[in-house]
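First to last, the sequence lines map onto chains A and B. Residue 47 in the working numbering sits at position 47 of the first sequence, with consecutive numbering throughout. Residue 142 in the working numbering sits at position 142 of the second sequence, with consecutive numbering throughout.
You may find that some hints are simply not true.
Below, simulated DSS-like cross-link-like pairs (lysine-lysine); rule was C-alpha separation at most 27 angstroms, straight line [unchecked claim]:
1. K111/B - K175/B
2. K133/A - K217/A
3. K107/B - K175/B
4. K175/B - K110/B
5. K175/B - K275/A
6. K107/B - K275/A
7. K100/A - K13/B
8. K110/B - K275/A
9. K111/B - K98/A
10. K275/A - K111/B
To give a feel for the contact side, a few chain B residues facing chain A, derived at Cβ under 7 angstroms [claimed, not checked]:
11. L17
12. A21
13. V37
14. F116
15. P120
16. M131
17. Q145
FYI, nobody ran anything at the bench for these hints, they're computed from the structure. All values reported here derive from a predicted model rather than from experimental measurement. Where a beta carbon is used, it is the ideal one built from N, C-alpha and C, also for glycine.
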Amino acid sequence: MRERIFVGFVYVFLTLFALICFIPFWIVMINSFANEALIQSSGYQLFPTSFSLDAYAMLLSGNQVFRSYGVTLFVTTTGTVLGVLLTASFAYVLSHPKVKYRHVLSFLTFFTMLFGAGLVGFYILIANWLGLKDSIWALILPYLLNPFYAFILVSYYRSLPYELNEAATVDGANDIHIFFRVIWPISLPVIATVALFYALQYWNDWYLSLLFIDNYKLHPLQMMIRQLMSNLNAMSYVGGSQTDYNIIVPTYGMQLAIVCVTIGPIVFVYPFVQKYFIKGMTLGSVKG
Amino acid sequence: MKGGSGFIYEIVKNRYLYLLALPGILFLLIFAYTPMVGHLLAFQNYRLADGLFGSEWVGFRNFEFFFGSKDWLRVTWNTVFLNGLFLVFGLGTAIALAVLLNEVTGKWFKKTAQSFVFLPYFISWLVVSMMVQTMFSSTEGMMNQALTTLGFEGMDWYLMPGVWPYILTFVYVWKIAGYNSIIFLASITGISSEYYECARMEGASRFQQIIYITLPLLRPIIIIMTLLGIGRIFYGDFGMIYAIIGDVGVLFPTTDVIDTYAYRALRQMGNFSMSSAIILYQSFMGLIAVIFFNWLARKVDSDSRLF
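Using the sequences and the hints, build the whole thing.
Dropping the structure here:
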């Protein structure tokens, strides 16, 4: 009897928690299709009684959403590809027993996790010394090497048999060859995991654009969400110069619509990447 | 070849490997170590026009200024208090989730539940902030609708500093717990099933198995996760807090953390030196926290230290 109460509790708790996780997504999605007047008069609804595509029509009528999508796509793909290449090759050297200075390099990497440079130095470096203010590279370069992801890879490389390396060396391959031809293919599952981590970080980041991007033409999607949330003149931001004072701008609806547009791709790839993430987290938690 | 020319010899011998590491090394030098020079600004009266080497040195005046105002106590307390809440409830919920998910036998239910609790991890803090608004905005929010339906008065949540530490904790747990639970779930899966078989033979209930087997065996990973959290106790989550609170000054008494405070000093007041002093204080306290708690953990349980 007590066992059954316990099992019942397990299912009730998990169902409730899962529901709480899901409901905000539902509210955002369903209300993005609600009539603006309905939201204004009776607030967000769990099951709205009206249906309207105004918010999406308005959002897609201007250029901003396409521009922002382009920026985010470019930043995410470029950042992920470069980040993974850089991190994977760096981590390989950190894990390589032949490298005498691997401990020095590891410590230098680890130390940046303990003692940060801080906002000011970082800001001056990007904005003044590198002159990257209002440049798309300011959104890409700073995240190329994440020490934490590097150590995930290091602990994986360490688990590989060293004979792989020796066999290739005997065949006359140099280390760069060995890395890309031998090591890379067999590390694909972990590399895919790290790639997903990077992609998610780039897709969701808004800190860098908040600091360095003032030009709205370079605003990524996240910055567009922020602008729409704080900007009452949503119309001019989204639609450019065309302004018609007779229409009600669906401000609330547009805020929700842009959120849906932003998380759309993530929710679609989510079922496919979930198992990779779980695998990657498991590897990471083993800790090197 | 030996001794004196060891460095050059090593580089030449493994030139291809060092070539592979070169982009990473350059990255660390440029993006992690060069900006540390910025800490020097804390001891200057920095002016953009004069640059780092032309500005006037003022010793500890920026620190006197920072510690002279009551702000430093407030932001330090807020940072530590919020992180404390996040740590306790975040880990607590993640552990509970992992343990309970492990008890589920139905494959379909387990997979579905896991997908849902994992979902919030994938979205940005700005999207979360939008969701928080749909809940707590005073006129359209679901909270106030629920309150009025039940016959209570709606509240102006964004004018009530007292409740935000708890709202933020709830939001944090909502976003992170599912993701963290996977780490714990992975360690639970690693526990040998013999322990449980033995316990069942002795007649232990499933609840007792959790208390006497699962939790004790999770101890090392729980300690490591706690250490990681404590090590970052002086770092506020800027992406989260600034997204949700933004510049709503009414809420600063309970939600302004060191990072948001330093950000405003830099971007809104343009005071580079002040901001630098705050950040240096933060980095220093952070370093001490990591070293101290690592030492403490080594005393308590020598296997559980970070380094």
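Hints and how they fare:
{"no.": "1", "hint": "K111/B - K175/B", "in the structure": "holds, 18 angstroms"}
{"no.": "2", "hint": "K133/A - K217/A", "in the structure": "holds, 13 angstroms"}
{"no.": "3", "hint": "K107/B - K175/B", "in the structure": "holds, 24 angstroms"}
{"no.": "4", "hint": "K175/B - K110/B", "in the structure": "holds, 19 angstroms"}
{"no.": "5", "hint": "K175/B - K275/A", "in the structure": "holds, 18 angstroms"}
{"no.": "6", "hint": "K107/B - K275/A", "in the structure": "holds, 15 angstroms"}
{"no.": "7", "hint": "K100/A - K13/B", "in the structure": "holds, 10 angstroms"}
{"no.": "8", "hint": "K110/B - K275/A", "in the structure": "holds, 14 angstroms"}
{"no.": "9", "hint": "K111/B - K98/A", "in the structure": "violated, 43 angstroms"}
{"no.": "10", "hint": "K275/A - K111/B", "in the structure": "holds, 11 angstroms"}
{"no.": "11", "hint": "L17", "in the structure": "holds, 5 angstroms"}
{"no.": "12", "hint": "A21", "in the structure": "holds, 4 angstroms"}
{"no.": "13", "hint": "V37", "in the structure": "holds, 6 angstroms"}
{"no.": "14", "hint": "F116", "in the structure": "holds, 4 angstroms"}
{"no.": "15", "hint": "P120", "in the structure": "holds, 6 angstroms"}
{"no.": "16", "hint": "M131", "in the structure": "holds, 4 angstroms"}
{"no.": "17", "hint": "Q145", "in the structure": "holds, 5 angstroms"}
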